[in-house]
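Asks: Starting from the structure of chain A, add chains B and C where the hints point.
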Amino acid sequence: MRKLEFLLALALAGAMIAAAIAAPWLRFVLTIALAKGIAVMGILLLLRAGQVSFGHALYIAFGAYTVAFLAPRLNDAVLLLVVAAGGAALLGLVIGLFVTRYRQIFFGMLNLAMCMVFYSLLEKLYHITKGSDGIRVEIMPVAGQALDRIAYEWTIFGIALALAFALGALLRLYLVSPMGEALKGIKTRETRLEFMGVPARGVLLAAYVVSAGVGGIGGALIAMTSRHVTPLLSYWTASGELVFIAILGGAGGVLGPFLGAAAYELIRVYAAASFADAWQMILGTALLLVILFAPGGLWGMAARAIGGRSR
Amino acid sequence: MAEWFQDNGLLLGLALLDGLSSAGLIFLVAVGLNLVFGVLRIINVAHGSLYAIGAYTAASIGLFLSTRGLPQWAALPVLLLSAALVGAVLGPLIERFILRRIYAGEEVVQLLVTFALFMILEDVQKLLWGVQPIHHDAALKLLGTIDVPFGSDFIPFTNYQLFVLPGFAIVTLIGLAWFLRRTLTGRVIVAVTTDREAATAMGIDAAKVFLLTFTFGAMLAALGGALSSPTAALVPGIGAQTIVLSFAVVATAGLGQIEGAALTSLMMGLGRSIAVYFEPELEVVVPYIIMVLVLLVRPQGLFGVIETRRV
Amino acid sequence: MSEALLRASGLHLAFGGVRAADGIDLDVMRGEFLAIIGPNGAGKTTFINMTTGYLKPHAGEIAYEGRRITGLSPRAIVRLGIARSFQLPQLFLEHTVEQNVALAVASREGIWSPLVPLLRPGYREEARDILDRFGLSAIADTRADALNEGARKLADIAMAVALKPRLLLMDEPTSGVAASEKMAIVETLVTVLRDAKVTAVFVEHDMDVVERFADRVAVWSQGRIAALGPPAEVLADPAVQREVIGIERHAATPEAPHA
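Protein chains in written order, with my numbering: chain A, 606 to 916; chain B, -18 to 292; chain C, 924 to 1182.
Misleading hints may appear alongside valid ones.
Which residues of chain B face chain A? A partial, calculated answer using Cβ under 10 angstroms [to be verified]: (1) Leu124; (2) Thr181; (3) Ile224; (4) Gly282; (5) Leu283; (6) Phe284; (7) Val286.
No lab work stands behind these hints: they were computed from the structure.
Quantities reported herein were computed from a predicted structural model and do not represent experimental measurements.
Built from N, CA and C at the ideal position, the CB exists for glycine as well.
With the rest of the complex left out, here is chain A (with noise of 0.2 angstroms):
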């Protein structure tokens, strides 16, 4: 299985890779998709301990606000990724010393509450976020390389592709390491663990920072990608799409995340191209047909194809 998965992550890439050089339009999709996927990584972490933030738009929000304000200062992309990753994490840690303390619902609406209060100061801080229309983010400089458009979008694509196979390496070993595991116990028993001598919260809070950082990594490559950052960003429905797209792939394996997000994204691009007026609904109905008849999602579907368990 694992060896499979490896070769079907490389699979992925190949066919995002040529999808990428076929039709340009497919580069900028695939690369939000990627940086959604990296995201959503966080997402499937929180998972792992039975808990659902519906509010993690506010760290991509942060990631891509932090790029968008300190790109005149800090023109490098390498540096805003750096900055934007350790920013999301520490105000994950400043968060999440106050959300771990609770569960289930409660952790889920005061995630919720954190997002739009970050949403509403961005909409309404006129003077510095110009409010709702937004701040524009100029092509910048990748560890120091002056580029143009053409491969300025190129090597943001590579970044976020590169960076999505190392996340994924990294997260597949957490996810097994005894503090990955100790997540999992979260789920099922936490008073055992305090009963073990663990502190359930500590193993809780510093997957939330994790979690945290890799939204800040997605938020700065959306802001890189899309070149433009609006407070809708941090909506409730973006962190909705969130574990939307961690549902749609799957919280099995570390590719659902990256499977869930490029179906989501050509999805939403077809759909709305197709269907203006419609786009929510099919998407909607997409989510409902897949909870429904594949409760695995798309990584669940592709592991019983290939005759593994999706364990």
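Replies: The following block gives chains B and C in isolation, referenced to the frame of chain A:
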């Protein structure tokens, strides 16, 4: 202080009256959400859509009938009938064909199913009613205005907002409390809320209780929407705004708590309208600040009961 | 067996009007197996809950190796070497039996490593070894939610043992275990614990088990210790027979809720 009142007294009075009427609306919607959550253990994201559809339906039926020479006094009953209609049609439809399939599922899946429903209904609403604002305020005009004495001044305010909205909230609060405590069906609902396993073991027909509760909750959401329709123009997005506010109320009040929802709605309604008049930037943030503060002190919500785990 | 490992003095705790502990004084001697018997609701589980930090006594204190531990969190108490098992097994249901035990092994020091597998050589061998001793090797790869009651119970105790405690508190280790398996399981357990030089306190309803394996018996009745001594002596006491054993024999099955 006295000077401040001299300058801002009228504004404060207006804020209080506004807050009272918006608290009434918030309560109607939130209490439905809380009731449904208590019994079905599902946070219904689509509750906001039911609110929006209730509002749109009431406005269009009102508009239609007014062109057919509907007597003026009928404006109010039309609002109520529209709400009942929306709840009675959509409630059972959603419960029977969608929710019933996922009662055994994981929490995240349940949440997402209602999120998918929300996305679908959002577009249904746009397809049916378009994106242009719709406004029908016959009920508001019918009841006229009143000069509310405030200190040495008078504040002109509509009777509809002053009496009808809080009135319906109070009637609902009292009626619901009576229903749940004094009638057999009500007690069955409470039994299922407190201990579902024990209740079903005692032979309570959970399926019937779920259907009934969800339909009733849907009617309350639609009622909130219908009653709000004369006070403001209807635009896409009101469902999304309403549901996040209701989430905040439910989490702050404590799960399944009716009186808690009333008190919380009052706090959030007043808090928000005071913000509108004095610090408009904070309007959207106030409910979440209240929520965070309450949960800091009482992690289970204002009136929530701590679930102790047996070991 | 002369020195007290755990010393409870003057413990009081009441839930509403029910006195779960009403002046408990008890010494647990190093190396002994102490059985706690008594009718349901007498406060036996409450004693374990207080010792492990899950409940705080209203009055009195518990000292472990001369150190006061009342008021410490369950986590801190585990770290001092006191582990417990549960009347209702508390397993990580979505993990295999092996992973459950390995998590307990890891929680002794290695829980914070995010990038090395839980089932790394060291941990895996130790977990396998414990499962071996408990006779659970055959179901090492079974998920905990698919186990029968007896296996759950054993796995639950195996996790506690994997914490390498010096004092182990077991809440009804044989309840829910089929009568035919009971003695074999207890036999295994006693061997494992004696090998590891663990002092054990166990709440037990089966008098045959008590008679055979306990060094001493404490009889709980309405939050008090009604009798304390070697099993042969205590169980022969007519008052104890009437109060406790009679009740046990009659009300053998459904368990009253424990706090």
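Asks: Evaluate each hint against the coordinates.
Replies: Outcome of the hint check:
For B:Leu124, the interface hint is violated, since its Cβ never comes within 10 angstroms of a Cβ in chain A; the closest pair sits about 33 angstroms apart. With a cut of 10 angstroms, the hint placing B:Thr181 at the interface with chain A is violated, because the nearest CB-to-CB distance is about 21 angstroms. For B:Ile224, the suggested interface contact is upheld, since its CB lies about 8 angstroms from the closest CB of chain A, less than 10 angstroms. Checking B:Gly282 against chain A by beta carbon gives a least distance of about 8 angstroms; that is within 10 angstroms, so the hint holds.
For the restraint placing B:Leu283 at the interface with chain A, the shortest Cβ-Cβ distance is roughly 12 angstroms, beyond the 10 angstroms limit, so the hint is violated. At about 14 angstroms, the closest approach between the beta carbon of B:Phe284 and any beta carbon in chain A exceeds 10 angstroms, and the interface hint on this residue is violated. At about 13 angstroms, the closest approach between the beta carbon of B:Val286 and any beta carbon in chain A exceeds 10 angstroms, and the interface hint on this residue is violated.
Hint compliance for this structure: hints 1, 2, 5, 6, 7 are broken, all remaining hints hold.
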